[in-house]
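Asker: So you can see what is in the structure, the chains are spelled out below.
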Amino acid sequence: MNSQNRPFGSYQQRFAGSSNPTIKNPSTQVSQDAQFNDRDCLNDMLATEKWLTDGFNVMAREASHQSLHNDIMNILNETHQATRDLFNLMFEKGWYTIQPEQPTQVAKEYQKFQGYESQFPQQQSTPYGSGGMYQPRQF
Amino acid sequence: MYRERYSQQYRMNQPPRVLSTKDCAYLTDALSWELLAAKKAHFMASQCSDQQIKQQLEQISQLHQTHYDVLLNQLNTTEHDHEHFGYQGFRQ
Numbered sequence: 001m002n003s004q005n006r007p008f009g010s011y012q013q014r015f016a017g018s019s020n021p022t023i024k025n026p027s028t029q030v031s032q033d034a035q036f037n038d039r040d041c042l043n044d045m046l047a048t049e050k051w052l053t054d055g056f057n058v059m060a061r062e063a064s065h066q067s068l069h070n071d072i073m074n075i076l077n078e079t080h081q082a083t084r085d086l087f088n089l090m091f092e093k094g095w096y097t098i099q100p101e102q103p104t105q106v107a108k109e110y111q112k113f114q115g116y117e118s119q120f121p122q123q124q125s126t127p128y129g130s131g132g133m134y135q136p137r138q139f
Numbered sequence: 001m002y003r004e005r006y007s008q009q010y011r012m013n014q015p016p017r018v019l020s021t022k023d024c025a026y027l028t029d030a031l032s033w034e035l036l037a038a039k040k041a042h043f044m045a046s047q048c049s050d051q052q053i054k055q056q057l058e059q060i061s062q063l064h065q066t067h068y069d070v071l072l073n074q075l076n077t078t079e080h081d082h083e084h085f086g087y088q089g090f091r092q
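First to last, the sequence lines map onto chains A and B.
If you count the first sequence from 1, position 54 lands on 54 in my numbering, and the numbers rise without skipping.
If you count the second sequence from 1, position 89 lands on 89 in my numbering, and the numbers rise without skipping.
The shape of chain B in the complex, shown without the other chains:
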């Protein structure tokens, strides 16, 4: 029957690229975590005397900043529907 064919044809096998209310809630939470972590690592780096530790903490601060932008990009609806290549990993 038409109805059956219709439902077969348009059955989704996974969720479409649409942000759910839950996604949105998680993203805003995670953005706050990343911002705090980026600031914290940077502050810690400034407090440390050991050069190696300083450098490691600064790198981690950088990483959290990058993650912040990745998460923010998921909230950016204008970019979303067109070309979104996904996060390719941290580059220094």
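Extracted from the complex, chain A is given alone in its bound form:
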């Protein structure tokens, strides 16, 4: 489904050359044999949910009338929530590792993209925080 980003945490998670501590819970042990274990269940279901969100995203965009579009948007949103719940549960079980970026690197990128704001076509400053800015057309 997604070749660039692994669809789920790989079994070997090593981060060479980093001084930052990884963010991770102690791993819940599962059988290491050919048996389909609890972790495999969650991984498989997570992949399914991710696949579903892709499908509903396209469907929401292509829907003809508003009531259909609204229903699909609600389903899309709830499918995302289910995906998120599965991800959080896997993290809780210690099956996901998060590697924090170096704060110096984050600061560098911030500086760079803050500089790009000079390229904005509209001079008015945008209030901090996303959403709520775009007013949909009223019927």
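Some hints could be false.
What the hints assert, rightly or not - A partial selection of chain A residues facing chain B, derived with a Cβ cut-off under 7 angstroms:
1) H69
2) N70
3) D71
4) L89
Claimed, not checked - FRET-style restraints, in silico, Cβ to Cβ:
5) B:P16 with A:Q35: 29 to 39 angstroms
6) B:H42 with A:V30: 17 to 27 angstroms
7) A:Q138 with B:T77: 26 to 36 angstroms
8) A:Q135 with B:R17: 16 to 26 angstroms
9) B:H42 with A:S27: 25 to 35 angstroms
10) B:P16 with A:E92: 44 to 54 angstroms
11) A:K108 with B:D29: 42 to 52 angstroms
12) A:Q35 with B:M12: 54 to 64 angstroms
13) B:N13 with A:M133: 21 to 31 angstroms
Simulated from the structure, these hints should not be mistaken for lab results.
Yeah, the Cβ is synthetic: ideal placement off N, Cα and C, and Gly gets one too.
Assemble chain B onto chain A, guided by the hints.
Answerer: Below, chain B without anything else, positioned relative to chain A:
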């Protein structure tokens, strides 16, 4: 002119509540996805030993069943033209 006024008056600013062929094709596809997902989550739940995982998977199975009914409702033409309140979100 009359013709002009007519077209102005009846110009639609968004599509009417009518299912297109494409809507129908997507809906039948999505119904199959949801049914499969509901069955799959339920099956997975039965295979798991961890109680917390079991419960999460069962809840997700329930969610897909609910979504199935929402999609099916969009195909139900008798209900459609009268009162359709739209999907209000998943309730347990």
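Asker: Each hint: holds or not?
Answerer: Outcome of the hint check:
no., hint, verdict
1, H69, "violated, 10 angstroms"
2, N70, "holds, 5 angstroms"
3, D71, "holds, 5 angstroms"
4, L89, "holds, 6 angstroms"
5, B:P16 with A:Q35: 29 to 39 angstroms, "violated, 54 angstroms"
6, B:H42 with A:V30: 17 to 27 angstroms, "holds, 21 angstroms"
7, A:Q138 with B:T77: 26 to 36 angstroms, "holds, 28 angstroms"
8, A:Q135 with B:R17: 16 to 26 angstroms, "holds, 24 angstroms"
9, B:H42 with A:S27: 25 to 35 angstroms, "holds, 27 angstroms"
10, B:P16 with A:E92: 44 to 54 angstroms, "holds, 47 angstroms"
11, A:K108 with B:D29: 42 to 52 angstroms, "holds, 45 angstroms"
12, A:Q35 with B:M12: 54 to 64 angstroms, "holds, 58 angstroms"
13, B:N13 with A:M133: 21 to 31 angstroms, "holds, 23 angstroms"
Hint violations for this structure: numbers 1 and 5, all remaining hints satisfied.
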